[in-house]
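J.: These are the residues of each chain, in order.
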Amino acid sequence: MIEAQGISVHIGTKRIVHGVDFSAGPGELVAIVGPNGSGKTTMLKALCGELSYSGRVTFNGRDLQSLKPVEAAAIRAVLPQATVLSFPFTVREIVKMGLIGGRSGVIGPEADLLPERALARVDLDGFAGRFYQELSGGEQQRVQLARVLCQVWMPVLDGRPRYLFLDEPVSSLDIKHQLIIMDIARDFARAGGGVVAILHDLNLAAMYGDRIHVMHRGTLDTVGAPKDVLSDALIERVFGCKLRVGAVPAGNMPFVLPQSAI
Amino acid sequence: MTNHIAAGRSSGLRNAVAAGDRSALARLVIVMLVVLLGLTMLFSLASGASDASAISVARGWLFGAGEDALSVRDRIIINDIRLPRVVLGALVGASLAVSGAVMQGLFRNPLADPGLIGVSAGAGLGAVLIIVLGGTVLAPLTTALDTFSLPIAAFLGGLAATLVLYKVATRQGRTSVATMLLAGIALASLAGALTGILVFVADDRQLRDLTFWQLGSLAGATWLKIGAVAPIMVLAMAATPFLARGLNALALGEATATHLGIPVQRLKYIAIVSVAASVGSSVAVSGGIGFVGIVVPHLLRLAMGPDNRYLLPASALLGASLLLLADAVARTIVAPAELPIGIVTAVAGAPFFLWILLRKRGVIDL
Chain R
0 MIEAQGISVH
10 IGTKRIVHGV
20 DFSAGPGELV
30 AIVGPNGSGK
40 TTMLKALCGE
50 LSYSGRVTFN
60 GRDLQSLKPV
70 EAAAIRAVLP
80 QATVLSFPFT
90 VREIVKMGLI
100 GGRSGVIGPE
110 ADLLPERALA
120 RVDLDGFAGR
130 FYQELSGGEQ
140 QRVQLARVLC
150 QVWMPVLDGR
160 PRYLFLDEPV
170 SSLDIKHQLI
180 IMDIARDFAR
190 AGGGVVAILH
200 DLNLAAMYGD
210 RIHVMHRGTL
220 DTVGAPKDVL
230 SDALIERVFG
240 CKLRVGAVPA
250 GNMPFVLPQS
260 AI
Chain V
0 MTNHIAAGRS
10 SGLRNAVAAG
20 DRSALARLVI
30 VMLVVLLGLT
40 MLFSLASGAS
50 DASAISVARG
60 WLFGAGEDAL
70 SVRDRIIIND
80 IRLPRVVLGA
90 LVGASLAVSG
100 AVMQGLFRNP
110 LADPGLIGVS
120 AGAGLGAVLI
130 IVLGGTVLAP
140 LTTALDTFSL
150 PIAAFLGGLA
160 ATLVLYKVAT
170 RQGRTSVATM
180 LLAGIALASL
190 AGALTGILVF
200 VADDRQLRDL
210 TFWQLGSLAG
220 ATWLKIGAVA
230 PIMVLAMAAT
240 PFLARGLNAL
250 ALGEATATHL
260 GIPVQRLKYI
270 AIVSVAASVG
280 SSVAVSGGIG
290 FVGIVVPHLL
300 RLAMGPDNRY
310 LLPASALLGA
320 SLLLLADAVA
330 RTIVAPAELP
340 IGIVTAVAGA
350 PFFLWILLRK
360 RGVIDL
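Which chain is which? The protein sequence lines are R and V, in order. Taking numbering that gives the first Met the number 0, the leading residue of the first sequence gets 0, the next gets one more, and so forth. Taking numbering that gives the first Met the number 0, the leading residue of the second sequence gets 0, the next gets one more, and so forth.
Quick caveat, the hints were computed from the structure, so don't treat them as lab data. All of these numbers come straight from a predicted model, not from anything done at the bench. Glycine included, every Cβ here is placed at the ideal spot set by N, Cα and C. Misleading hints may appear alongside valid ones.
What the hints assert, rightly or not - Restraint ranges, calculated between C-beta atoms of paired labels, are given here:
1. Gly18(R) with Leu162(V): 45 to 51 angstroms
2. Asp173(R) with Leu41(V): 33 to 39 angstroms
3. Gln264(V) with Gly158(R): 43 to 49 angstroms
To be verified - Once the Cα atoms are required to be at most 25 angstroms apart in a straight line, the calculated DSS-like pairs of lysine-lysine come out as:
4. Lys226(R) with Lys241(R)
5. Lys267(V) with Lys166(V)
6. Lys67(R) with Lys224(V)
7. Lys166(V) with Lys13(R)
Said to hold, decoys possible - What the simulated footprint calls covered on chain R by chain V, stretch by stretch (three residues with Cβ under 8 angstroms from a Cβ of chain V suffice, anywhere in the stretch; the number is not a length):
8. 41 to 49
9. 93 to 103
10. 122 to 135
With these hints in hand, go ahead and build the complete structure from the sequences.
T.: Here it is as C-alpha cells:
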C-alpha cells in the first residue's frame, strides 16, 4: 500500500501541491489526471522521494523518509516524463540498469534473459543492440519502461506488493503502443502490484484506471471510480472546457468527447 | 583447431556486441591494455640517454645478477632513475585518466577534465603555496606533514576548486556544461593569478623549483616522492570500482539514479574527493599535465562503450601507458635535453580535443 497524508510541496517559495491525501493499493491502477500545472508531476515526485515534502508518505507501512535508496528501489520503480542520456549506451545496457539497485525477483539463468524479455514486453524485440540516442522519442520512452519493468519484474516479492510510478507513460506513443503500455500497467496491477500513472488522455484513464485521482490547482479535487468521477460538470470545472461524457455502448465505461474549448 | 576455437569465440563476441552486450569486448580490451602497459613499461625502462637496453633489463630482472648481468652503472640507472620515473609516470597517468573518467561521469559530460575546468589549477595553487610559503608562514604545517605537505596542499586546492565548480554549475541535479566550462575558466584564472602573486614574492631558489615543477615533468621522480603520493593515488583509485555502477546510473540523471537505488549524494562526495586526491597528488609530483583525462576515456568509450565498470580500470591502464609514451617522447626528442611532458601531452591532446568537439558539435548541448 502506498499512502500519503497531507502532502504539501514547495518549490522555492511557491506552493505547488497543498494538503493532498493519496493512496494506491495492491492490485490497483490509479490514474492521476488534471490540467497542466495542477501539480500532478510534483505530487508524483514527492511520492517517489524525489522532492522534499511536508506530510507523511508510507510504502507498505514504512515511512518513505526512513527508506534507503536501495530499499525504496526494491519497492517501487519510476518512469520519468523524459530522460536525457549523457553517454552512448546501448538499449540493452540501459535496460540492465534497472537491475543496479532494484531486485527483479528473477534469479538463476533466467535473470540473464530479463532485458530481452522486458524489451519484448514493450514491443522492442531486436532493439537490444541499438544505440539509445539513435532511437525515436517513443522508442526511447519504451526502452525506459523496459528498464523500469526489470527493476520490479515480479509485481509481488517476498509477499509484499511492488509499485510502478509512471509519469505520462504514453505521451509520446502511437495508439497501438499506448494500448500495449497501458496493458502492461494493468497486468502488473492484476498480478498483485500497484500502479500510479499520470495520464492526459481521459479516455485511457477511464479505460484502465481502477480509480481516478483528479488534481486541480495543487489540491486533490475528486477521487473515485471513473464512472463516478468523470462528469461534464467536473471536466468543465477542472479543465475549463466543455465536453460531453457518454458511455461506450458495450459497458458502463465513460468516454469523453471534446466539444469546444470554451 | 585453435583457429576454429578462436573464430568461434570472435563470432560469439560479435554476436554479443550486436545484441548490445559489450562486456566481453570490454574485458578483451582490458586484457590488451594490460599487455600494452607491460610493454610500455619495459620500453620506458630501456629507453633513455644511457644504452642500458631492454634485453639486459629483462635479463637482469629475470635471472638476477648472473655472468652477463647488468653493470653496476646500468643497475643504478635502471633502479634509481628510470624505474621510479616509470612507476611515477604510470601512477600519474592512471590517476589523471581515471579522474577524468570519474569527473565526466559525475558531470554527465564527456568534456569534463580536471585540467580544463580548473581543478588542476586549484591543486597547483595549493602546491605553490607550500613551495613558496612552506619555509616561512606555513612552516608549522610543512614540518608536521613532511613529504606529504605538498600532495596534501595540492589535494586541498583541487578539492576546493571541484566543490566550488560543482556548486556553481549544478542546479537541482542538472549540470550546465556552459556554466561548468565558464566557471572552470574563472577558477583557473583566479588560481593562476594567486599563483602569480606567490611567484612574484618567491626567492631565487623557490623560483627554480617552481619553474621546473610548473612545466610539468616526471624528471624529478624519486622513491621518496613516490612514497608520498602513491598511497593517496592508490587509495583514490581503489575507491573508483565502488563508484562504477552509480556513475552508470547517473548517466540517466540524478533523479533516476536515486530511483534505481543509488545513494547519489554519497556517490558525489566520494567521486569529488577521489578526483581531488588523484589530481592533487599528480599535480604535486608532476605539475600540470593536461589532456590525459579527456583523451583516454574518450578513446576507450569509442572502443568498448561507456560502462564505467570497465571504463575506469581501462582508463587507468591506458592512461599509464600513454603517459609513459609521452614521457619517452619528452626524454628522447631533444636528447640529451628534455622537453616538459606537459608540452607533449598538450601538443597531442589539444588537437584531439578539438576533433572531439568537431565530431560532437551537434550532440553536446552547450
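J.: Now, for every hint given, state plainly whether the structure supports it.
T.: Right, here's what the structure says about each hint:
{"no.": "1", "hint": "Gly18(R) with Leu162(V): 45 to 51 angstroms", "verdict": "38 angstroms, violated"}
{"no.": "2", "hint": "Asp173(R) with Leu41(V): 33 to 39 angstroms", "verdict": "59 angstroms, violated"}
{"no.": "3", "hint": "Gln264(V) with Gly158(R): 43 to 49 angstroms", "verdict": "32 angstroms, violated"}
{"no.": "4", "hint": "Lys226(R) with Lys241(R)", "verdict": "18 angstroms, holds"}
{"no.": "5", "hint": "Lys267(V) with Lys166(V)", "verdict": "12 angstroms, holds"}
{"no.": "6", "hint": "Lys67(R) with Lys224(V)", "verdict": "42 angstroms, violated"}
{"no.": "7", "hint": "Lys166(V) with Lys13(R)", "verdict": "23 angstroms, holds"}
{"no.": "8", "hint": "41 to 49", "verdict": "holds (count 4)"}
{"no.": "9", "hint": "93 to 103", "verdict": "holds (count 6)"}
{"no.": "10", "hint": "122 to 135", "verdict": "holds (count 4)"}
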